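Bring the two chains, given one by one in their own frames, into a single complex with the hints.
Here the protein sequences come in this chain order: A and B.
Heads up: the first sequence is residues 1 to 269, going by the numbering used here.
Heads up: the second sequence is residues 270 to 522, going by the numbering used here.
Since the hints were derived computationally from the structure, they do not count as laboratory data.
Each hint should be verified, as a subset may be incorrect.
[What the hints assert, rightly or not] Residues from chain B that face chain A, not an exhaustive set, calculated with beta carbons under 8 Å:
id : residue
1  : GLN422
2  : PRO423
3  : ARG425
4  : SER426
5  : GLY427
6  : GLN428
7  : GLY441
8  : ALA442
9  : SER444
10 : ALA445
11 : GLY446
[To be verified] Label-pair restraints from in silico Cβ distances:
id : chain 1 : residue 1 : chain 2 : residue 2 : range
12 : A       : GLU103    : B       : GLU309    : 34 to 42 Å
13 : A       : SER161    : B       : ASP367    : 31 to 39 Å
14 : B       : GLU521    : A       : GLY13     : 40 to 48 Å
15 : A       : GLU167    : B       : GLU421    : 15 to 23 Å
16 : A       : SER161    : B       : ALA340    : 36 to 44 Å
17 : A       : PRO174    : B       : ALA496    : 18 to 26 Å
[What the hints assert, rightly or not] With the Cβ distance kept under 10 Å, some of the chain B side facing chain A (calculated, not the full set):
id : residue
18 : ALA340
19 : ALA447
20 : THR460
21 : ARG462
22 : LEU509
Note that the structure is a prediction, hence the values are computed from the model and not measured.
No residue lacks a Cβ here, since even glycine has one placed at the ideal position from N, Cα and C.
Spelled out from the first residue to the last, the chains are:
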Amino acid sequence: MARVVVITSGKGGVGKTTTAAAIATGLAMRGHKTAVIDFDVGLRNLDLIMGCERRVVYDFVNVINGDANLRQALIKDKRADNLFILPASQTRDKDALTTEGVEKVLTELAEEFEYIVCDSPAGIERGALMAAYFADEAIVVTNPEVSSVRDSDRMLGILSSKTRKAEQGEGAIPARLLLTRYSPARVDKGEMLSVEDVQEILSIDLLGVIPESQAVLNASNSGVPVVHEDGSEAGQAYLDAVARFLGEDRPHRFLVNEKKGFFGRLFGG
Amino acid sequence: MPRDAVNAPSGTVQAIEFKGRMMLVSILRVNSAEAPALAEALAARMAEAPDLMRDMPLIVDFDALEALPAADLMVALERIRGHGFKVIGLQKGNAVLDMVAEASGLPILVLGGKGGTEAAPRPAQSPPRPAPEPEKPREAAPAVHTNTRIVEQPVRSGQQIYARGGDLIVLGAVSAGAEVLADGHIHIHGTLRGRALAGVRGLESARIFCRRLDAELVSIAGHYRIAEDILDRERGENRLVTLAGETIQITEI
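One chain only, chain B, in its complex shape (with noise of 0.2 Å):
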């Protein structure tokens, strides 16, 4: 929960607060530093949506070229922020990683479902990694916020639909276990048992509405509610989940 500072006790305003905010992050998975093919690669992607990728942040993840020494990781790093894309940390990986971090300034971070043992905190495991597409050929640059994705089978646990630069649109239920994002806004016709994420790039008018609500968490552009901060009054028929300032609210449509 964002715990927001306005209750600071004598009213004097704070200079710095900390807020937990659950935000998207896209993850640029390395399978090869070879010079030609990355910089290929890199210049490729970025030519497609030029706006968006400049503005996306991305964790890098090194996993697949663990084998290089450290300088290798360094230069490749340095290509891929030379192409303009935002790094803003790498994926936890081997000692190697670690000097790499070090020498590039850049913080190590844990995902969630990586593997490490070490328990992030909630909030930090829990912005969702976008769905497993590291090719992504199909996803050649569409027109963005324009995009409407239509789920017509119900999403099962394990399952996780995300609708890139648009609406999501689910016909049947949200299970348990289940997760759908969009960078706009949800509408599920079903049950919303499973977790729902809607503006996840920042899009604060973004809703959420479902037929029945009964989720394990409703987020809106990185604010959240959890489970059990969703009052049994609040869960029920035809739902409306809203970002008011910094709270999530959830009223009868």
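If we strip away everything but chain A, and leave its shape as in the complex, we get (with noise of 0.2 Å):
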């Protein structure tokens, strides 16, 4: 039975796909066959994430018209294994996105993979709605400042009741907290919000912590997702998140800020 995995945030710009490609990349890395779904139709930017964008033939909202069928549009990851992306389509709007449209596509594709990571579009609108709506659970990704955790509320207030299986009755579907771009150094500043506050106020499990870094950034001009950069903190990070998705026990690392030493900082590091 596939699982369906809804990436969402609400405000734009926290790492949504970043964490799509990420976890998607580590589910495939270990093990399993995984699909991930790129819902930013009109925005594409998972292929580029991916590194796949030269590979794009047909997407999403062909396949949901019928101009393709699943096995075309689907473009095998070089880097992982059991790892397929299905793209958006740059020339269309989410209104392409129907119902009938995605659960066609989603019940393909549960034939075939075990999880489905849905990369859903910022805002409320219908894109992040229909990314949702099947999910069977959700990773909320937040950035630790005020309107991002206002945000991120906001859509598990959505998800609570908006997606098929709030719907049917069988309630809220379990949601888990991702925090990205995390400096403990900042934290301890004051300028940004530390962990247990954002945990305090959304009042959800956390699935795991991504420190800020350079890392990141450099995998995704490159497209190169994180976690192939198994030396950088970031990839840690997500390859634990991953860990921790499938029901692993892993302690919280880089929650705190390292003073380096003498030696450190005259070395860098």
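Have a look at this one:
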């Protein structure tokens, strides 16, 4: 039975697509057959982050409209076996995502894949609602700042009522928090909300904390999901999050400001 | 803030005073002006809870009937009043509606969050609309003032919960940007960061209890205090909000 996971946030620019790419890649690296879908129709990005933008022929909307079949549209990832990408259409808008169409595609994917990761667009409009509607669970990506937390809170409210499961009376789908761009040093200076602050406001389980890292930016620019950079803290934090997602118990790392000693400062790090 | 006139200069009694008050007003949205359908619906609603309905101030929303001529809307309006409903205004609409307002002597009201660029002054904008439930089949006349509504989930930004005819108990937090309302008391067993309005239909003895208060707004029976008027020392754990005369008081429990 495939599990549909939506990566969502409300606010834009907090790291949804980076997270969708990292989580999907991480799941595939752990041996689970995974598809990742870009729901950001009109502003596609996932293919860039996944480094497959030059191999896009057909897209999600083509499949919904029956212009292409799923097999033609799915792009096999070059680095991770078990990973396939369904890119968004650049030329259409989000109205092209019909409930029936999305359901049809997800049902078909479910026959073949263990995990279906849905990369939601920002906002709370149609694209975001469609990405969440069929989800079995949600990962809410939040930055440690007030507006992002508030938007995530809003999104959690929507998730509790606007999914198929909720409409069928099965209640809210499980949602977990992934805090990205976390900088313990800035938390110490009071420039950023702490993990505890964010958790206190959102009151949901913590899936992971991804430290602010140049590696994430480099990864996006080069089209290689950051989990492949296993020397980077961000890459490790994402792999931890994937392990927790799969039910493993891992302590949270990178939460405190590691004060560099004299030699540390001298030799950088 | 209600500016009490007690401090009037020379102690003379003023003939009139203006007071800013918030109140909850229900909106009657008319989806059809067809005589039999409308009459039937009005009669049915009135029969459900005649005492409640007769005292309930209503704003009529003709938005769905924009295409109809003024004469038809006048007939519909008279029908609504004829069934005993207390219409206090019309929701802003097109030019035809302005004619209806003129002819009926009712004011046009601009409601918060309803398009319209005119920035209504804050109190006028604030009366929260009752939870959007135009059809309301479920709300069918429960025993008034005995209803306690319990919410087990946190109330998230953008959500609005109204306990009609009774108290509201929230087990989690009420987020910034969320709003909880009750005709009776409100108990929040988490942090109140959003807005809480108790006694929205005028119960002045209504109270708000919360485990931690860091609110955007608290209101009792239409009197309210916004975040700016809530002092730092009034924020904190285990707070009780009451109405004393015309003043909202926040004390530690």
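Name the hints, by number, that the structure is in violation of.
Hint check: 17, 18 and 22 fail, others pass.
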